[in-house]
Amino acid sequence: MGRHPGKAKRLAYQAAAIAVALGVAWFFVSNTIANLEERKIASGFGFLGREAGFEIGESFFLRYGAADSYGRALLVGLTNTLAVALIGIVLATCLGTAIGLARLARNFLLRSFAAAYVEFMRNVPLLVQLFFWYAVVTEGMPGPREALSPLPGVFLSNRGIFFPTLSSVPELQGFNFVGGMVLTPEFAALLIGLATYTAAFIAEIVRAGILAVDRGQGEAAHALGLSRPQTMRLVVLPQALRVIVPPMTSQYLNLTKNSSLAVAIGYPDLVSIANTSMNQTGQAIEGIAIIMAVYLTISLSISAFMNWYNAHVAFK
Amino acid sequence: MRWLRENFFGGWASGVFTLLLILILWKALPPFIDWAFLDAVWRPDPKACRAGEGACWGFIAEKHRFILFGTYPYELHWRPAIATVLLIGLWIFSAFRVFWKWWLSIVWLVGLTLIGILMWGGIFGMRYVENERWGGMILTLLLTTFGLAFAFPLSILLALGRRSDMPVIRALCVGYIELIRGVPLISLLFMASVMLPLFLPSGVTIDKLLRAQIAMILFAAAYLAEVVRGGLQAIPQGQYDAAHALALPYWRRTCLIILPQALRISVPPLVNTFIGFFKDTSLVLIIGLFDLLSTIKISLQDRTWTGFGVEAYLFASLVYFAFCFAMSRYSRSFERK
Amino acid sequence: MIEMIKVSKWFASFQALKEVDLAVGRGEKVVVCGPSGSGKSTLIRLVNRLEAHQEGRVIVDGVELTDDPRAIDTVRREVGMVFQSFNLFPHLTVLENLTLAPVWVKRVPRKEAEETAMHFLARVRIPEQAAKYPSQLSGGQQQRVAIARALCMRPKLMLFDEPTSALDPEMIKEVLDVMVELAREGMTMMVVTHEMGFAKTVADRVVFMDGGRVVEAAPPAEFFGAPKTDRARLFLSQVLGH
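The listed protein sequences derive, respectively, from chains A, B and C.
Heads up: the first sequence at position 162 corresponds to 162 in my numbering, and the numbers run straight through without jumps.
Heads up: the second sequence at position 19 corresponds to 19 in my numbering, and the numbers run straight through without jumps.
Heads up: the third sequence at position 40 corresponds to 40 in my numbering, and the numbers run straight through without jumps.
Excised from the complex, chain A in its bound form:
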């Protein structure tokens, strides 16, 4: 009896699997072609060159007007997605690490606050939290004329959060502020929602990573006279990072994918703009394909980075 007794059987299974997969694919594709023809919907990515005809509420790096192409509109969506994702990742990491450390603190109040935060944020759907923050930012904030001003030049209102830039300072003109840089309510709600939600998960990852470090390490450090903060910083955290980085990057990926919920509160991210484009051109397949291709690229890049990290940086 050889090592693979059913060699013929195995080949047969695989051949059958390929046949089924191809068969199903052919079935879908032929139906789709027929349906598209029937409904007179165009195919192909030619639409990317056509004029989009809609405005986009905010754009971080690129200039865009209604006369620009769909392709450019989608590019703006992509940069908007990346902007909120990157800032969200930074905020979530800082907040999450702080809360994770707080959960291990000796102070009972601190531990309890942190534990309550984590429990609450993890058990409420992100979409609910986004709607909540959006309601806070639009209903809870005063109008521009009664805007709150915690710092000179910074104004909080229901039209957005205004910051001074190096070249201009926001000033109240009529019913709104002019000048400076504005964070729209949509962006603010999305950012706060994503950051606070993901921070809860990051807190648990940080906590698990620290707990994974052998107790003896802390004891040896204390026996040498190192204080608790010194022990954490010099001995425990560096070792905890090894356990923390893989699930942490997974959370970064989740945050990026979750930013797609922007479509529900009106922030013009990639999914949102692709959705508008699909509705206008009717070319849903191409639109969805673009969305999935972009996100797949992002996730595969992050996976590749993870593999590189595990192979090279993690010490033996």
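Quick caveat, the hints were computed from the structure, so don't treat them as lab data.
As the structure is a prediction and not an experimental result, all values here were calculated from the model.
Just so it is clear, CB atoms sit at the ideal spot from N, CA and C, and this is done for glycine as well.
Among the hints, erroneous ones may be present.
Anything over 12 Å on all C-beta distances counts as not near chain B; from chain A, calculated [unchecked claim]:
(1) 60
(2) 69
(3) 95
(4) 148
(5) 165
(6) 174
(7) 176
(8) 302
(9) 308
(10) 312
For each label pair, taking beta carbons as the anchor points, the in silico distance ranges come out as [said to hold, decoys possible]:
(11) B:331 - A:86: 53 to 59 Å
(12) B:256 - A:8: 21 to 27 Å
(13) B:75 - A:86: 51 to 57 Å
(14) B:75 - A:148: 47 to 53 Å
(15) A:112 - B:94: 43 to 49 Å
(16) B:96 - A:43: 52 to 58 Å
(17) B:45 - A:171: 39 to 45 Å
Since the structure of chain A is provided, determine the placement of chains B and C on it from the hints.
Just chains B and C, lined up with the frame of chain A:
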């Protein structure tokens, strides 16, 4: 006394935190209690709500039927109500390990049939209600239940396939899992909502709820597959060796020896995935289905009741929190055993 | 050097130490032995406050150990400890392991700390390993690095918690040799160990514990030659049997 000292004033930093947190509680808690309870308006009176300083829970009182049952005919609300209780009851019943016997699946079958009869009607003198009118709590629960029911066996197949030594099978499974896990759920929902009708021969329609359900099933299967794979990897190699040595054929040894152990190990992360999935059902709002979050949001659009978003979403948070927290406590009790 | 007066310790409802009295003088070498669960590890960990006692008094070099963090700090600077599982810091090189505490606790300039480190590495006979990571060393080498690491803080007292129990037999000797040398130079030492040969050679006193109490304490000649209690006799027959 000593416990108090150590836990509240252990070091100077600890003392500062204690004072800071007590200060925050002191400044934030009384106004919140005022807003949420003392000054709140509990009567469904929009004028009183707007005139008042506190939270408007009257909004929930006014809209609670719509929030819980969606557009289901008003006079027939007893049917989804019983269906909801039945479904929650089934879940709670299945939580007790004592009941994990072969007849549990029969209990579920009977229960789901009853729920189907209650919801659709059409027999026993009950009026037929098409599923486009289902909404609210029962929709969220049904999406979760059926989603997990179909996704779970699929995920086991995917996990086994991913570990298979037949390259084609392995490639297909890996490809599926990585594809689904790499894209946001919303793109899958869009895909199902928009593209599924195109995939089927013209004239064949597939209703919206089913489209969403299929997308949720495909989504959950990929994530559950990774959890099951973790469980399969956690079994000591010795178990696989022993199973091989007994010369059992592949499916026999997998079902009798490998899978039971893998699944037992995986219960905590599985329950965590279930919790995540329950929360993810809220996304069907975006493709126009009326789950619990959707009905709450739509209630806000009533002209007489706009502006109470904070109350509405706090209520939503509480409901979801209640369910998810219960599930996570349950999963933690497993880890202790 | 160390004074323990009627010290009792509980872990939840289990009493690990029952009214233990012990004194270790300057320059004295005390070996603590006994069956597992007798409380000897707990006892030695009380000296640098890795465990806290609930009753009685523990005084180290004139400083009484209480909840006061400053007292604990002061004591820890003067007491060095070597663990059964070495507890070297895997993410640092051997040299960095040795210089970490002097630089961050005693604020010794890095150059000086490194010189001290090389000096002690030479003392434990592995100066060439300075740039390696702990995972690249054998068990015996790692434990010697651990001893050097404790010595870099120039402690007045060294605690050893079963230093050779996790080592393969062929490496036990190299570690014991270092400990014997240390003892000969006059270091005050408190050693929990099963190595009776070491006790006979080096100890000024052997303390035998069982069930949380000190059952017998005597110079090695007396203890090994003519144990007074039955429990000590039983223990010796088991340990020395092989």
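Hints and how they fare:
no.	hint	verdict
1	60	20 Å, holds
2	69	22 Å, holds
3	95	16 Å, holds
4	148	16 Å, holds
5	165	31 Å, holds
6	174	24 Å, holds
7	176	21 Å, holds
8	302	9 Å, violated
9	308	17 Å, holds
10	312	22 Å, holds
11	B:331 - A:86: 53 to 59 Å	33 Å, violated
12	B:256 - A:8: 21 to 27 Å	26 Å, holds
13	B:75 - A:86: 51 to 57 Å	53 Å, holds
14	B:75 - A:148: 47 to 53 Å	49 Å, holds
15	A:112 - B:94: 43 to 49 Å	32 Å, violated
16	B:96 - A:43: 52 to 58 Å	54 Å, holds
17	B:45 - A:171: 39 to 45 Å	42 Å, holds
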